Amino acid sequence: MMANIRLQDLRHSYVENPKSDADWALKRLTIDWADGGAYALLGPSGCGKTTLLNIISGLIRPTEGRILFDGRDVTDASPEERNIAQVFQFPVIYDTMTVHDNLAFPLRNRGVGAREVEERVREVAEMLELDTTLKERAAGLTADGKQKISLGRGLARSDVNVIMFDEPLTVIDPHLKWVLRSKLKELHQRTRRTMIYVTHDQTEALTFADQVVVMNEGEIVQTGTPIDLFERPQHTFVGHFIGSPGMNVLPCEVAGGRAIFAGLPVESANAAAYRGDGGRLELGVRPEFVSFAETGIPVDVMKVLDVGRHRIVETTQAGFVIKMLVPEDEPIPEGAAHVRFAEDRTRLYRNGWLVT
Amino acid sequence: MNKLTNQRAWWFVLPVVLLVAFNAIIPLMTVVNYSVQESFGENMFFWSGVRWFEEVLRSERFHSALWRQILFTGIILVIEVPLGLAIALAMPRKGPWVSVCLVLMALPLLIPWNVVGAMWNIMALPDIGLLGRGLNALGFTYNYTRQPFAAWFTVVLMDVWHWTSLVVLLCYAGLVSIPDAYYQAAKIDAARPWAVFRYIQLPKLKYVLTIAILLRFMDSFMIYTEVVVLTGGGPGNSTTFLSIDLVKTALGQFDLGPAAAMSLIYFLIILLFSWLFYTLMMRNEAR
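So the sequences go chain by chain: A and B.
For the first sequence, position 67 matches number 67 in the numbering used here, and the numbering has no gaps at all.
To convert, count from 1 in the second sequence and add 1000; that's the numbering used here.
It is worth saying that the hints were derived from the structure and are not from the lab.
None of the values given here were measured: they were computed from a predicted structure.
Check each hint, because a few of them may be wrong.
As the list claims (entries may be wrong) - Here are a few chain B residues that face chain A, going by a calculated C-beta distance under 8 Å:
id : residue
1  : Gly-1049
2  : Ala-1181
3  : Tyr-1182
4  : Ile-1188
5  : Pro-1193
Ideal placement from N, C-alpha and C gives every residue a C-beta, glycine not left out.
Could you put together the complete structure from these sequences and hints?
What follows is the structure, encoded as structure tokens:
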């Protein structure tokens, strides 16, 4: 019943006649969502992720491109025809109905028989732990209860192609966020529905999804597992946006297949692949892979921030900040010191993109 | 915990106390004063207890004015609230037509009440008015100065023209404040337009509708100027509503005692109905 979803050569603009690059909320992208996957769409506010979500659900028609569900073109199909479910940022419930009727609403609208409706509602209420509140008015529930109802309306339908979440934990109390988050993960494993989770919070994205799609300025910059994103950022944006603190991005040059930062040669994993075609060159290395050493890049230690099991150390070289993560039992030199970058974790980027 | 006793704060309350005293308490107490006394010329007053209240409550004239008033208010509420809601639902949400519609809707509300009365008076004249002549030309015998039914028809039509806009504007404001997500969720849930109205729009409009009904109830229950200019309460007494009757008693016959008693009863009726409406419409909120 479920489907593989393909977005092909998609572009979208909210402007009548888009001219400049900035007019496009979504710049040409093609992406596949496999049936049963748990995806996260991660990016800063205004990067186009909600636009992309609304295009999948059919609330917005893309300016260009096609949407295929199992090869069937649904670009012009309504949300109802696409059989999708969506959980919005703010809980959307039918105030005057009971919790039970809220869950039954999408089924009744589709002419499902009364017995099956009862069965489905019971099952979903049990999954979401709403069974004790079924007879209460939905308006009386707390924010997390209401958000469960919106999710439940999607789960109740057996034929849903994909369930989408648009920053669903925005209004949830912090102490309940992780409860709901693990509930979602559990529900995905239990129901094996395709789920797409939109968020700007990397913790939410990385804990929920098997595959994370990182977006920036209307473009997909990388798709991969949480480990891929951490270990092999395809773009400096991914390196910087994911991780805490983000990747160090330092301007450099390349000479003789070696990167040179602040006049000093730095060993890296991919500088040899650089073809000498100019552009903005940068070295990226995560703070986790920078360590103090006897020799290497001379730096001044500026600031030490204790974050529990690690300390974040801020150092500078020639005006550029290099952050590093030091385990709590290691000594930190004062004033002048030397640091080393782990060679296989240090990568060269050209105009933001990984050099390959 | 020690209580702060700072009596100087009373000085800050004083201006409001004075204001309320002059614009509400003193006028109201004057009326109360009249209602329990018999007045003669040269400012002579005699205590009369609740006599005027008994008289008014037993008077046939008051009963029929009250009945007419309730009927009138009932009719215009039944017409204006659904009509206003329907117009608000039909109005565009975006684009250049929004402001055009809003201005058109606001126009009747900006016209002074006596002008509204005069306009409809002239328009409904059977020999020269557009409405009057038109109806007669269509074969209806229509003369609002002679037929009670025609007078009622004209008064109701005038009120609907003048005040439906208020309901429209309130409902429209309520409608545009419903977040898009609700409509999107309804689309995804395959809700039909009727279900969208019944389960999203109507519940979200509950408060503005309560306000609209209360405002229209209170205003129409006190209607005076437009009707006086249009029909003068006639033909006969057929459009003599409570306020018109009150003015006739107080200023026409100069029966200050009965008029004061009537004012107070009138006031209490409005208060009672408003409370009733409010409680009925809000009773689910307590749960």
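Do the hints match the structure? See the list:
no.: 1; hint: Gly-1049; verdict: 51 Å, violated
no.: 2; hint: Ala-1181; verdict: 4 Å, holds
no.: 3; hint: Tyr-1182; verdict: 6 Å, holds
no.: 4; hint: Ile-1188; verdict: 5 Å, holds
no.: 5; hint: Pro-1193; verdict: 12 Å, violated
Hint compliance for this structure: hints 1, 5 are broken, all remaining hints hold.
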